[in-house]
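There are 2 protein chains.
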Amino acid sequence: MRISTLSIGDELICGEVTDTNAGTIAATLLNEGLRIQRHLAVGDNEQDIIGALNDLGRISDAVIITGGLGPTADDMTSRAAARSTGRRLIINEVARNHVRRMSEKLENLIVCPLGDKQAMIPTKSALIPNPNGTACGFHLMHNGCFMFFMPGVPSEMLAMLKETVIPFITARVPQKRSIRSFTLNIFGPCEAEVDELLLGIAKPEHGLTLGICVTFPSIRVTLRAEAENPEAATGLLQAASDLAIERLKDYCYSTGETGMDEAVAALFRENSMTLSLAESCSGGLISKRITDIPGSSGYFLEGLVTYSNSAKTRLLEIDTDILNRYGAVSSECASAMAKGVRKCSGADIGLAVTGIAGPNGVSEEKPAGTVFISLAASDGCWTKRFQFNGNRDEIRTLTAWTSLDWLRRYLLKH
Amino acid sequence: MRISTLSIGDELICGEVTDTNAGTIAATLLNEGLRIQRHLAVGDNEQDIIGALNDLGRISDAVIITGGLGPTADDMTSRAAARSTGRRLIINEVARNHVRRMSEKLENLIVCPLGDKQAMIPTKSALIPNPNGTACGFHLMHNGCFMFFMPGVPSEMLAMLKETVIPFITARVPQKRSIRSFTLNIFGPCEAEVDELLLGIAKPEHGLTLGICVTFPSIRVTLRAEAENPEAATGLLQAASDLAIERLKDYCYSTGETGMDEAVAALFRENSMTLSLAESCSGGLISKRITDIPGSSGYFLEGLVTYSNSAKTRLLEIDTDILNRYGAVSSECASAMAKGVRKCSGADIGLAVTGIAGPNGVSEEKPAGTVFISLAASDGCWTKRFQFNGNRDEIRTLTAWTSLDWLRRYLLKH
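Protein chains in written order, with our numbering: chain A, 9 to 422; chain B, 9 to 422.
By construction, these hints were calculated from the structure, which means they are not laboratory data. Here the structure is a predicted model, which is why all the values come from computation and not from measurement. Just so it is clear, CB atoms sit at the ideal spot from N, CA and C, and this is done for glycine as well. It is possible that some hints are incorrect.
To be verified - DSSO-like, lysine-lysine: derived pairs with alpha carbons at most 30 angstroms apart:
#1 A:LYS347 with B:LYS351
#2 B:LYS347 with A:LYS347
#3 A:LYS170 with A:LYS132
#4 A:LYS351 with B:LYS351
Stated by the list, open to error - So the derived list for chain A, only partly shown, Cβ under 8 angstroms to chain B, looks like this:
#5 GLY23
#6 THR28
#7 HIS47
#8 ALA49
#9 ASP203
#10 ALA319
With these hints in hand, go ahead and build the complete structure from the sequences.
Pasting the structure below:
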């Protein structure tokens with residue numbers, strides 16, 4: 009079944025608001041084994057809307073439209089729908105009562121003549137009930153294409169999509185195929201390397217596809233299996249997933265929707281170890297990400313953002329000789345910071361970061377992106393030098409990700 | 009000039025990743041007085057891409073395409089572009105050298121055979137240089153329509169859009185009207201309050217429009233003046249801007265693209281004061297945002313993320329009585345933290361935060377969102393209790409914004 013989506017609204021086409029409905033609809037339908045072929049967005053302009061409806065109607069079996077059903081003058085989807093399908097706009101009594109009822113129920117909404125505008129529905133169409141708002145949706149069939157019209161408010165749209173639109177569509181899909189998907193999250197190798205590691209796993213001819221998506225600095229690998237029944241799809245996916253995990257080894261820090269921060273948090277909970285941080289160039293970013301996770305107070309003791317040298321010596325008891333001889337951005341300073349914060353705080357693991365995020369403070373031998381990360385624990389202290397590329401923000405992001413990934417790898421082995 | 013955008017990628021059409029490029033391009037073009045008529049998105053399917061290019065090419069004078077120029081097998085935009093415009097794909101030596109050069113420059117990226125794929129460019133097209141990545145873009149003219157192809161990585165795309173695509177388009181727009189815009193950034197009042205404060209400023213009939221866009225927790229007010237010549241537009245805008253600034257007073261923390269962090273940083277540089285932070289519930293987020301700004305080491309001494317009570321007593325010399333009598337989340341603890349970090353670090357200003365981000369650790373009298381912020385300086389110490397609404401992430405974000413805004417207001421008066 010060829011399905012398209014259409015988002016209507018000046019705020020979308022002007023870039024004032026990001027269109028999230030398109031993605032929500034696509035993801036929700038995909039779970040039903042239904043793919044979106046095309047997504048289109050146009051502004052609040054009747055001719056543009058009519059043109060979009062005609063074009064999508066021509067190439068699709070179903071079009072899901074959101075936006076432009078509000079009470080104000082710039083909401084003209086209903087009229088455009090009527091025009092493009094050769095219908096008349098008439099007051100729908102059920103819709104009118106719904107608008108009245110909801111208007112009384114919902115605060116800050118006066119019942120004004122405009123209210124009736126939301127009750128104007130094209131003839132020969134069925135209502136899509138809206139449990140969460142005033143605007144009723146409607147659907148109609150035109151030249152063999154089902155068209156579903158819903159308001160753009162995400163919460164209203166989603167309820168109507170799940171309760172009316174999807175059941176209506178799935179009931180009409182001839183022996184629909186089952187789709188199962190599995191996601192692996194990767195940190196370390198670049199896109200090309202991941203692609204090479206996974207070479208030959210995808211078998212489109214057997215309904216097994218593979219998508220690689222870079223969401224800096226992480227990479228999302230999504231395996232998608234399509235088959236005639238759920239069992240076949242699951243089996244197809246299982247085999248491919250196992251192979252992918254085996255190939256990617258410990259580059260894969262999590263599966264599904266679990267982020268790096270949550271993966272690290274889970275390991276700290278399992279190992280019941282405690283952590284303290286000493287950050288210089290990352291300026292608190294690592295502490296921030298550790299404490300993003302609820303319950304982090306269970307294993308995170310403290311984070312010291314020792315930006316000034318005096319803070320390094322006072323808070324981390326770092327020998328001034330080290331700062332004078334090697335400088336604050338040095339392997340020696342990094343390990344002294346890691347050992348210092350571990351000792352002072354009494355944590356099991358002390359992790360420290362010092363480097364040059366730039367653009368200031370760079371030099372020949374220490375360009376922007378020079379970062380030393382050190383991990384101190386009961387079984388030793390290790391320090392690595394990294395050379396990250398990018399702007400200040402990217403360098404700090406890579407510093408935090410690399411530190412978290414190092415913690416993850418250390419905890420996995422203990 | 010009729011301009012359309014096309015986003016290519018399975019991750020977009022499957023709802024895995026939200027398409028932000030479409031909005032970025034639309035907003036950037038609008039500042040040049042150019043409107044997007046249609047936005048289209050399709051997956052990594054050659055036939056769908058060709059169909060989209062044909063359809064948009066038919067109705068547009070220019071099409072801006074993003075995505076599908078990567079090195080992997082599922083990147084097929086170049087081939088689709090060649091097919092749909094009747095061109096051949098050939099190795100472009102300039103592009104090949106660029107890929108090689110960038111591959112060496114960017115770390116974690118091996119030069120593999122895949123590299124040459126990114127150097128395959130349709131014949132009779134011009135390159136769009138990519139200063140930030142391996143994939144060159146290209147543009148061509150087909151049946152009277154300009155087509156611009158760029159990679160989907162937002163940072164790479166935006167640079168190419170501004171440096172090559174927009175100058176190319178604007179140079180070809182016949183006597184376009186002048187548009188000037190001015191943006192004010194607001195923190196404090198809600199959208200409805202801002203709307204009321206600015207009542208009557210917009211005069212659409214005279215080409216002066218006003219856009220209010222909520223980007224939590226800040227509000228962007230954009231005034232846009234459209235006239236036949238630059239002078240008229242500037243004059244129209246000036247008067248309205250002055251009035252808006254007068255109405256919004258100190259709710260307005262910056263204008264244009266300057267963020268809250270930069271506004272605060274500028275004030276610290278002017279006043280040559282120093283800052284130290286003691287954070288509990290915000291977990292390093294405020295330090296992170298202060299140090300996001302290059303040169304922050306000039307005024308930021310240290311940030312202590314004192315998550316555990318022992319860290320509070322040891323690092324901030326807080327009397328254990330205070331913790332026992334009033335608890336860590338209390339006005340007394342907040343002011344002790346602010347005074348403590350100021351004294352220990354020798355900073356001019358000590359700012360401290362303690363509260364409950366939730367969902368854990370909540371109680372009857374201290375629900376999630378209870379946050380105490382304290383500012384200690386030479387002329388006194390002030391502590392305020394806030395009750396923020398939202399999830400853990402939103403509460404922490406509001407805590408950081410409110411703290412930064414307080415620093416801004418304090419520095420403005422000194």
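Cross-check of the supplied hints:
Straight-line distance between C-alpha atoms of LYS347 of chain A and LYS351 of chain B comes to about 25 angstroms, which keeps the hinted pair within the 30 angstroms bound. Our distance criterion of 30 angstroms between C-alpha atoms is met by LYS347 of chain B and LYS347 of chain A, whose separation comes to about 28 angstroms. Restraint check for LYS170 of chain A and LYS132 of chain A: satisfied, since their Cα atoms lie roughly 23 angstroms apart, inside the 30 angstroms limit. This hinted pair checks out: LYS351 of chain A and LYS351 of chain B have alpha carbons roughly 23 angstroms apart, not beyond 30 angstroms.
Because the beta carbon of GLY23 of chain A sits about 3 angstroms from the nearest beta carbon in chain B, less than 8 angstroms, this interface hint is met. Interface restraint check for THR28 of chain A: the shortest CB-CB distance to chain B comes to about 6 angstroms, inside 8 angstroms, so the restraint holds. Interface hint at HIS47 of chain A: satisfied, since its Cβ lies 4 angstroms from the closest Cβ of chain B, which is below the 8 angstroms cut-off. Look at ALA49 of chain A: its Cβ gets to within about 4 angstroms of chain B, closer than 8 angstroms, so that hint holds up.
Below 8 angstroms, beta-carbon pairs count as interface contacts, and ASP203 of chain A has one with chain B at about 4 angstroms; its hint therefore holds. At its closest, the beta carbon of ALA319 of chain A sits 4 angstroms from a beta carbon of chain B; the interface hint therefore holds under the 8 angstroms criterion.
The structure is consistent with each of the numbered hints, conforming to all of them.
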